[in-house]
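**Q** Quick note, the sequences are listed as chains A and B, same order.
Counting along the first sequence from 1, when you hit position 123 you're at 123 in this note's numbering, and nothing is skipped either side.
Counting along the second sequence from 1, when you hit position 168 you're at 168 in this note's numbering, and nothing is skipped either side.
Do not rely on the hints blindly, as some may be mistaken.
Since the list gives no way to pick one copy over another, a pair counts as held whenever it fits inside one copy or between any two copies.
[To be verified] In silico DMTMM-like pairs for lysine to aspartate or glutamate, Cα to Cα no more than 20 angstroms straight-line: (1) Lys-166 with Glu-186; (2) Lys-70 with Glu-201; (3) Lys-139 with Asp-107; (4) Lys-60 with Asp-107; (5) Lys-139 with Glu-195; (6) Lys-60 with Asp-131; (7) Lys-60 with Glu-177; (8) Lys-139 with Glu-222; (9) Lys-8 with Glu-195.
These are calculated hints, taken from the structure and not from any lab test.
2 protein chains.
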Amino acid sequence: MVVKSQIKFIKSLQQKKHRLATGLFVAEGMKMVSELLQTSIPAQEIYTTNPEFLQNHSVKSELVSEAELKRMSGLKSPNKVLAVFRIPEAAPPAFRDWTLLLDGVKDPGNMGTIIRLCDWFGISELLCSEDTVDCYNPKVLQATMGSIARVNIVYTDLEKAIIEAKLPVYGAFMEGENVYSTAWPEKGLLVMGNESHGISEKIKMVLNGKVSIPQFGRKSAESLNVATATAILLNEIRRPGA
Amino acid sequence: MVVKSQIKFIKSLQQKKHRLATGLFVAEGMKMVSELLQTSIPAQEIYTTNPEFLQNHSVKSELVSEAELKRMSGLKSPNKVLAVFRIPEAAPPAFRDWTLLLDGVKDPGNMGTIIRLCDWFGISELLCSEDTVDCYNPKVLQATMGSIARVNIVYTDLEKAIIEAKLPVYGAFMEGENVYSTAWPEKGLLVMGNESHGISEKIKMVLNGKVSIPQFGRKSAESLNVATATAILLNEIRRPGA
Chain A
1 MVVKSQIKFI
11 KSLQQKKHRL
21 ATGLFVAEGM
31 KMVSELLQTS
41 IPAQEIYTTN
51 PEFLQNHSVK
61 SELVSEAELK
71 RMSGLKSPNK
81 VLAVFRIPEA
91 APPAFRDWTL
101 LLDGVKDPGN
111 MGTIIRLCDW
121 FGISELLCSE
131 DTVDCYNPKV
141 LQATMGSIAR
151 VNIVYTDLEK
161 AIIEAKLPVY
171 GAFMEGENVY
181 STAWPEKGLL
191 VMGNESHGIS
201 EKIKMVLNGK
211 VSIPQFGRKS
221 AESLNVATAT
231 AILLNEIRRP
241 GA
Chain B
1 MVVKSQIKFI
11 KSLQQKKHRL
21 ATGLFVAEGM
31 KMVSELLQTS
41 IPAQEIYTTN
51 PEFLQNHSVK
61 SELVSEAELK
71 RMSGLKSPNK
81 VLAVFRIPEA
91 APPAFRDWTL
101 LLDGVKDPGN
111 MGTIIRLCDW
121 FGISELLCSE
131 DTVDCYNPKV
141 LQATMGSIAR
151 VNIVYTDLEK
161 AIIEAKLPVY
171 GAFMEGENVY
181 STAWPEKGLL
191 VMGNESHGIS
201 EKIKMVLNGK
211 VSIPQFGRKS
221 AESLNVATAT
231 AILLNEIRRP
241 GA
């Protein structure tokens, strides 16, 4: 039996302000929860309708009814398990390698894809402006899966961070230097902007270079989605001969 | 006044079988409809709550109430305009350049992103297996925007098409040849597989090469999303020095 106040508390973690206030977030579904349990992110409590799931973990767990799970879930069709995790403390950025900066990325799917890309390309630090979507948003989690545990995600004043990093800073633009002729330094910062408005004026002022992915064919295409542009730029930075 | 049977007919176009049977599809929202009206896709009829929208087009248009629009719409919050378009007839593939093949891609968002990528990278032919998500699915349209009019999308038997093309065929795999050392021919076919199961056994048999995007860092990342992998591979094929 889960008490009403507990259900209300768990449900409240769907909102960013409650996640920030408590330092907790919720993950749902067998695959997602199982994957996060294998990472360094500390689990606080598991609620499940599946008795088998109880036995496999040392985390405090509770068997709940489907109706109870539905009431605490943020999903239309909850999937057997919901777990509360502690948000890991972000380490201050060390700038030992390339660092990715997000300036106002809003779409949870894009954010999730970008975190997975960082994991794939060995980018261990992701700096986000305060107005970038919260990475513990349930929709972001759904798109990152376990990758979120392997990237140090820091919400911070990007301008200040850029100045402190003392590294070359590149921004992605529709009209910039051809990315295929960019001589990438050994390490630096790459900034990706908002889906509609791109990189903010303030950050434009502190960039060292503007890069663009050339368009082929009829040049009629509108623009690349920010997540696919990030994929291409990280690949360009990491590929040999870059 | 829109009659009941008309509303029912328009609503039915949310389903693939009715789109196939009638050769029609529905697009919604001011941005989407305006963009499609500028392409070669023939518009059949426009329904709008906005009198201004009526004047700007030679297409048969009807002013409707918000309640009527809501009843014909597939969206929770319809956005002022809905239009019925004719599905353009796909031309038989000519294989004059690189062609992208999708083998069972299911997610509408991925499909939409991939069509936009084709447009960006000047890939004018996209061949899809019959079990790939329908490109006139409303969610695909939302992700492609006008790009759908600039790519010849053909649903076909991929195995037969590959044999007929008589071109080198590459497939994307988790374990294949390093994509950075692949010597791409001037033209060929690139196959991307299903989100969970990859490329089907039948298609694997007719490939000439398997390519992989190398993983950097801790090698713990699960996999790249099919749309981001497509972005990276098309960039590799198109970039100079490829």
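**Q** How would you classify Lys-139 and Asp-107 at a CA-CA limit of 20 angstroms: within, between, both, or neither?
**A** both (9 angstroms within a copy, 16 angstroms between copies)
**Q** Checking an output row: Lys-60 and Asp-107, CA cutoff 20 angstroms. Within, between, both or neither?
**A** Close neither inside one copy (33 angstroms) nor across copies (36 angstroms); limit 20 angstroms.
**Q** Within a copy, between copies, both or neither: which one fits Lys-70 and Glu-201 at a CA-CA cutoff of 20 angstroms?
**A** neither (44 angstroms within a copy, 39 angstroms between copies)
**Q** Pop the pair Lys-60 and Glu-177 into one bin, within, between, both or neither, using alpha-carbon distances up to 20 angstroms.
**A** Classified as neither: same-chain Cα gap 54 angstroms, cross-chain 45 angstroms, threshold 20 angstroms.
**Q** 20 angstroms Cα cut-off: does Lys-139 pair with Glu-222 within a copy, between copies, both or neither?
**A** between (26 angstroms within a copy, 18 angstroms between copies)
**Q** Go through the copies and call it for Lys-8 and Glu-195: within, between, both or neither, with a Cα cutoff of 20 angstroms.
**A** neither (34 angstroms within a copy, 35 angstroms between copies)
**Q** Tell me, please, which holds for Lys-60 and Asp-131 at an alpha-carbon limit of 20 angstroms: within, between, both or neither?
**A** neither (34 angstroms within a copy, 43 angstroms between copies)
**Q** Please sort Lys-166 with Glu-186 into within, between, both or neither, judging by C-alpha distance up to 20 angstroms.
**A** within (13 angstroms within a copy, 42 angstroms between copies)
**Q** Given a CA cutoff of 20 angstroms, do Lys-139 and Glu-195 count as a within-copy pair, a between-copy pair, both, or neither?
**A** both (17 angstroms within a copy, 18 angstroms between copies)
In the structure shown, a violation is registered for the earlier hints numbered 2, 4, 6, 7, 9, in ascending order.
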